[in-house]
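2 protein chains.
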Amino acid sequence: LRAKACNVVTYEFENIPTSALDIIEEHAPIRPNRRALATSQDRLDEKHFLEGLGLTVAPYANVENLQELEDAVAAVGTPSILKTRRMGYDGKGQIRLKGGEQLADIWAQMDGAACVLEGFVEFAHEVSVIGARGADGQVSCYDPGENVHVGGILDTTTVPAKLSTSQRMDAVIMAGKILNALDYIGVLGVELFVTPNGLLVNEIAPRVHNSGHWTQNGCVIDQFEQHIRAVTGWPLGDGARHADAVMENLIGGDMDRVPELAADPNVALHLYGKAEAKPGRKMGHINRISPKS
Amino acid sequence: LRAKACNVVTYEFENIPTSALDIIEEHAPIRPNRRALATSQDRLDEKHFLEGLGLTVAPYANVENLQELEDAVAAVGTPSILKTRRMGYDGKGQIRLKGGEQLADIWAQMDGAACVLEGFVEFAHEVSVIGARGADGQVSCYDPGENVHVGGILDTTTVPAKLSTSQRMDAVIMAGKILNALDYIGVLGVELFVTPNGLLVNEIAPRVHNSGHWTQNGCVIDQFEQHIRAVTGWPLGDGARHADAVMENLIGGDMDRVPELAADPNVALHLYGKAEAKPGRKMGHINRISPKS
Chain W
3 LRAKACNVVT YEFENIPTSA LDIIEEHAPI RPNRRALATS QDRLDEKHFL EGLGLTVAPY
63 ANVENLQELE DAVAAVGTPS ILKTRRMGYD GKGQIRLKGG EQLADIWAQM DGAACVLEGF
123 VEFAHEVSVI GARGADGQVS CYDPGENVHV GGILDTTTVP AKLSTSQRMD AVIMAGKILN
183 ALDYIGVLGV ELFVTPNGLL VNEIAPRVHN SGHWTQNGCV IDQFEQHIRA VTGWPLGDGA
243 RHADAVMENL IGGDMDRVPE LAADPNVALH LYGKAEAKPG RKMGHINRIS PKS
Chain Z
3 LRAKACNVVT YEFENIPTSA LDIIEEHAPI RPNRRALATS QDRLDEKHFL EGLGLTVAPY
63 ANVENLQELE DAVAAVGTPS ILKTRRMGYD GKGQIRLKGG EQLADIWAQM DGAACVLEGF
123 VEFAHEVSVI GARGADGQVS CYDPGENVHV GGILDTTTVP AKLSTSQRMD AVIMAGKILN
183 ALDYIGVLGV ELFVTPNGLL VNEIAPRVHN SGHWTQNGCV IDQFEQHIRA VTGWPLGDGA
243 RHADAVMENL IGGDMDRVPE LAADPNVALH LYGKAEAKPG RKMGHINRIS PKS
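Residue numbers (our numbering), protein chains in the order written: chain W, 3 to 295; chain Z, 3 to 295.
If we strip away everything but chain W, and leave its shape as in the complex, we get (with noise of 0.2 Å):
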């Protein structure tokens, strides 16, 4: 088993140069394999790939220049959210349109980037569903999570989410459909909104995904063993909790908090190691534990 795990590539958001996985990849799996990220490092083509499973995402439009950029405003409307298709997270690359933005100076801050204009969506809240799909093409998802953000970045991932029964089943749905479709193995991140008209998926993350640390505490095998499970062809683990779980980031200054966390009983701390708690920067987190509801 071990031989085989160090037979495998994997990796998290790298720009490893195309020549360079070709050649890896006569060596050795590539897992997650490279389509999975291609698809999910670009916002257009992971909407496209989304809109084919017959999934709902946001209303969107592409915008290459500033011409694009009049056209995808009058189409898609404000308030929506102007954003590059690569390499953005945590809100970064990222403007919100308001109405009534002189559109020349927003497209100008976008720096010739290729992006899309994402419309507004009316949703009662976000919860993700952290998948995992193994070599055999088994499939095992976690009991999804309650994400609030503030300021652009996750804040809390509360577990059980507010979703009835069948909401629960259509999210896990959607991610094993996500999981079959990439023929996926590993673990993959899928953000959705829960509205009126049903589930929406805001994007896919190809990766461990920070709304999945609680399952460090309420989990018998969490998504770190679980991802390491799947590449190296090991069964997985099947996801049940046997706690209820509030996963809360600790970002900045958070960290004069921690002497106070520790002492709470039901707090599991996570700290990174990072030397200097800069403002915005994920400095740890904690998972807050209570009996199972």
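Errors might be hidden in some of the hints.
Any copy, or any two copies together, can satisfy a pair, since identical chains are not distinguished.
[Claimed, not checked] Here are the simulated EDC-like cross-link-like pairs (lysine to aspartate or glutamate), alpha carbons at most 20 Å apart as the crow flies:
1) Lys164 with Glu148
2) Lys284 with Glu262
3) Lys294 with Asp246
4) Lys280 with Asp256
5) Lys100 with Glu72
What the hints contain is simulated information worked out from the structure, not anything from laboratory work.
Go by the hints and put chain Z onto chain W.
Same frame as chain W, now just chain Z:
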């Protein structure tokens, strides 16, 4: 907090020369302290210490020569068990006496080592308490586990143990008494026999303990983090468990069961990465988790 951690010296069972410890102690606190280690490294000193606290131990006698062995067998009776005072673990350095043995032969096998003869105790089962004491004197104990040994080696620990509420309280109070008396900082294991006449101390182990491995998947703060919290002066976790658990050691050929165990949804697998599986060698353990009863 990190700086604090670096200024503390901790250890498990190492034979560090006294002269070296003297020098170390001039520069940093040694936690757990040297008295705790010295007491628990010597079976006779340990029994004197426990009796001094008013705790009950099995009948025993000091044995330093053949004459004392003959006297001890007369006093303690058989069945009984001759153990070296120092350096024994997992049933090593022990000879069981059924009665009728040639005591000169038995004594020759001990190779001159100072010993104690311990009488067998009629007990229903063995339990252990994993307790911790912080730098501020705070004490926190995990729920006692019930231990089953096979061939002198721990096979399983089951939580909750078969104990009445008052027995459970007694067990935890005894552990607290020991931690306080030793001015102990860190995690310590206390093995207890459950007898018709109450709880009897088998032995103490000044470290994280095999019978506490279930805490890795049954508690928010496991015994390993608890130990580090204690020696670095952090607040202790409270030891509450959110699940029932059965820890099972994987010994030697048990490694053949790993593929099957990895596929069991309620099993968390912990492997030690040892290269070779020898008979009697601890290769890993599993925690089988179920909802809290």
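| Which hint numbers does the structure go against, in order from smallest to largest? | As far as the earlier hints go, not one is violated by this structure.
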